[in-house]
Amino acid sequence: MHHLKLIGAFFKVSSQAELAYRVNFFIRLLHSGLNLLTGVLSLVVIFNQVEVIKGWDMPAALALLGVYLLLGALRGLFIGPSLESVAGMDGEIWTGTYDFTLLRPVDQQFLISFRHWRIFALVDLSMAIGVLVYALVLLGAQLTIGMVLSFLLTLLAGVTLLYAALLAFSALVFWNPGFLFTWVINDLFQLARYPVGLYPGWLRLVLTWIIPVGLMTTIPAQALVGTLSPWMMLLTLAFTLAAFLGATWLFRHGLKKYTSASS
Amino acid sequence: MNQRGGWALIKNTWQSWIQHRGFFFLLAFGWMLPLLVYLFIWSAAAGDGTIAGLTQESLAGYYLILILTNQLTYATTNWTVGDNIRYGQISRWLLQPMSPIYHALSQEIAGKVVFMLFSIPITGLLALIIRPQLNLTWGQALIFLPSIALAWALRFFWGYWLALLAFWVTRADSLLALQDSLIFLLGGHLAPIALLPPGLQTLARLLPFRYMSAFPVEVLTGQLGVQETLIGLSIQLGWTVLAIVLYRWVWTRGIRRYEAVGG
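Protein chains in written order, with my numbering: chain A, 17 to 279; chain B, 92 to 354.
Everything labelled a hint here was simulated from the structure, so no lab data went into it. All figures in this text were calculated on a predicted structure; none of them were measured in a lab. Fair warning: there could be bad hints in the mix.
Stated by the list, open to error - Covered stretches of chain B, as calculated for chain A (at least 3 residues, CB under 8 Å): (1) 200–207; (2) 270–276; (3) 286–292.
To be verified - Output of the computed footprint for chain A on chain B, the stretches with three or more beta carbons under 8 Å from beta carbons of chain A: (4) 136–143; (5) 236–246.
Idealized CB from N, CA, C, for every residue including glycine.
For reference, chain B alone in the conformation it holds in the complex (with noise of 0.2 Å):
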């Protein structure tokens, strides 16, 4: 692996980004949106009492802070992938001394930094108006950090195997589509995942989504306990690991089988 140039790529890419913050800020407000729809939503069912067990600032406080790691998370990159194999972008990289996932990564840092640049201040100014309650511990805060690490090497890796299969097939992304709904299902954004119905809650419990999104937010806000956060965090790696084989695996085969016309 080619460390220098791959870091060069990174600053690269990011000053570029930079540039267009406009569009990305757009894109940042977009993902923000639903989730501050069932903010709302929840938080006018639970009215002054609770809701399983969660009063109106402590559900604000958990989708404030979903707000940011959704962002701090969500794979971007994945979805261009298809389309740098289709139109054959990815030879010229494979010419490159160094691994075309430094092009996704490169992609990845400068998109978290120009979305943050956004979506800080606003979930700032949101926490303002809407006055969410959070309990947080050097604890939380401390299990916090890799889960979130986790969260986003999962959802990345995960989409990135997804998006690899463009090798065999034209329209691949639509899986991506498919991640996301999922994601919206079960990954704590339609509702906290203690507030989804039973059968529902177990899915999410097993199926990676939620440990894509949600479960940092859970560690962090402190809706789990020791063991629960013990178990989310094997669970968690366990699914990582899994996604890294399978995106070495896919990418491997995928990369004997690609061949591009003209240059």
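One chain only, chain A, in its complex shape (with noise of 0.2 Å):
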């Protein structure tokens, strides 16, 4: 209940620092609107030259990219931010001011994870679910109860995912301060713009296993088309739950090494 006031406060401090510029909103939404008329694009290109990939046709693969969106969406709206005042460019474990942090009288892993929101991002938020629903109608009637339940909860996983990956690389900051090891997982992250089974086997196995981008929105899309097999998915589950415990572990361990920046 503590935890869930203090988001409340977080949310509301970088709103209101946020909405001082209006025209950063219209910025935003220019940008937005690129990213989603890019992505349908993509597919309505790739999808006029061949009807199926690998399994994979036109709602199957714009449900994915609409799980994508969504992910993105959850990033920007505060994983993002928050991961990257502390490890990003310029950001605390570089500059020093990570010691304030460090007094705050709250768990550490909850204060970088929560601390920072972009209200603008719900922006991105409803535009995903837009082409989410979408997808839905083009699939049409065959949704089960069960298949909604399995999207949920792998959907659930693949925000997990995403949040023990970003963790994992901003905690590598603690070892080595001077590289951006969040741009890397944020580059790495339009890989899973597409089904993880379209690319070739040595990379299907790294997306899959090492830096799992590929799960995140592989298997929810694949739970909603009802091509998830439930293995598949307990899978999933048991690695996500193992991804969120080592990103924790490496992000308490790499704490300790934390030295402060100034002289």
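Each chain sits in its own coordinate frame; assemble them with the hints.
If you want it as structure tokens, here you go:
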């Protein structure tokens, strides 16, 4: 409860700061619109040439794009800005202002994960939901309660995996403060735009089990389309739990290496 | 124009950027990834057959060359022009006995050297893994040189005149994001121009964006006949001249309007 109240306060403060710059809203709208447009047009161009690629047709790929946009929106809403402020460019670990963050009387991992919010990312969020709904309409009436539940469960796993990956890459900054590890994972996340099965074998393995950006979007989309086996779902959930615990461990372990930045 | 001062500036910038190469390698990595995604997607779509006359191997060749030319022509500096005008940095440059465009040019050249230090080895490595098919002839290579030079000039001056609109509006850099999206869609990134639907293909052939990135690659990989090449080169030259005229025009108007406070 206390934590929820804190999140509410963080959200309010961040939003007030951001809403002071109205023009940015329209700029954001332009960027979100371009992102949506290029995403959808890409699928139109691809499926104009071929009807099915390795079992994925247009509605299924659109559902995956929806999941990708949804995860991207959630990353932009709080995970990204919060972790970037610590480990990103001119982040607190690099400048040494992390000292003040450490002094706050609240769990460190909670604080650095939920502190900064970008209210304009709600635009992306609604666009992503729009794409998902449209994909569902295209997929037709084959949807069952079980599929919806497994979709929601795997979507939660996808968000957790994304969070774990970002946290793990942020934690690496404790060992090498000058390098923008969070940018690497942001770049790699672009690979999640398409089903992991479309990539060549070696890359598929890397994107599934080492840097699981493939799992984040492919599994929820498969759940929605109805091609996800229960076995793969269980494996994903177990892997998600392991990734979350691993990233948490890495962050706590890295935290001990922090030695401030000033003289 | 002060040639010697310009050259000293170029050398200076280049040396300072080499020092921070980790950061620039990261940027280059980020630009490479979307192109790699579409390399893999179209390879999967082509399978063992062909798609619009292109095999998996020739698609790989197209995209690997595009990764290199895209980095050669991408005008990173245009993104900072607006900030330099807004924050008044340009005041200092105006006092120096050479045109401020030397600052942009020096960063361009420094950037290309640093980005190539990363991109050439990585692309070479990728070529070993995915084995592209390239039929290079001396004739194609000979036409490639002027077309890549024009592509760079067109992309640089087009972005530069857009960025100079910062003299009038504060967030002109949004137009650069729009330009990037259009290059993605119509400049051969999402798909080689030949794979686009007919309407988009015509647009791509007329608008400047193809001539900023894909055109030299099409020339080098032998996708174009003699007539198409000549028409393409003329259109490219026309757009480049227009871009330079627009740059001169916007610059002379903007500089008259520019005023800085304090120092």
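(message) When I compare C-beta atoms, does the stretch 236–246 of chain B have three or more residues closer than 8 Å to chain A?
(response) Result for this restraint: violated, n = 0.
(request) Go check the stretch 200–207 of chain B versus chain A for me, would you? Three or more residues, Cβ under 8 Å, otherwise it fails. (result) violated (count 0)
(request) Examine the stretch 270–276 of chain B for residues whose CB is less than 8 Å from any CB of chain A, and state whether their number is three or more. (result) Three-residue rule met by the stretch 270–276 of chain B, so holds; n is 3.
(message) Quick check: do three or more residues in the stretch 286–292 of chain B have a beta carbon closer than 8 Å to a beta carbon of chain A?
(response) Three-residue rule met by the stretch 286–292 of chain B, so holds; n is 4.
(message) Cut-off 8 Å, C-beta pairs, minimum 3 residues; does the coverage of the stretch 136–143 of chain B by chain A stand?
(response) holds (count 3)
The structure is inconsistent with the numbered hints 1 and 5, although it conforms to all the rest.
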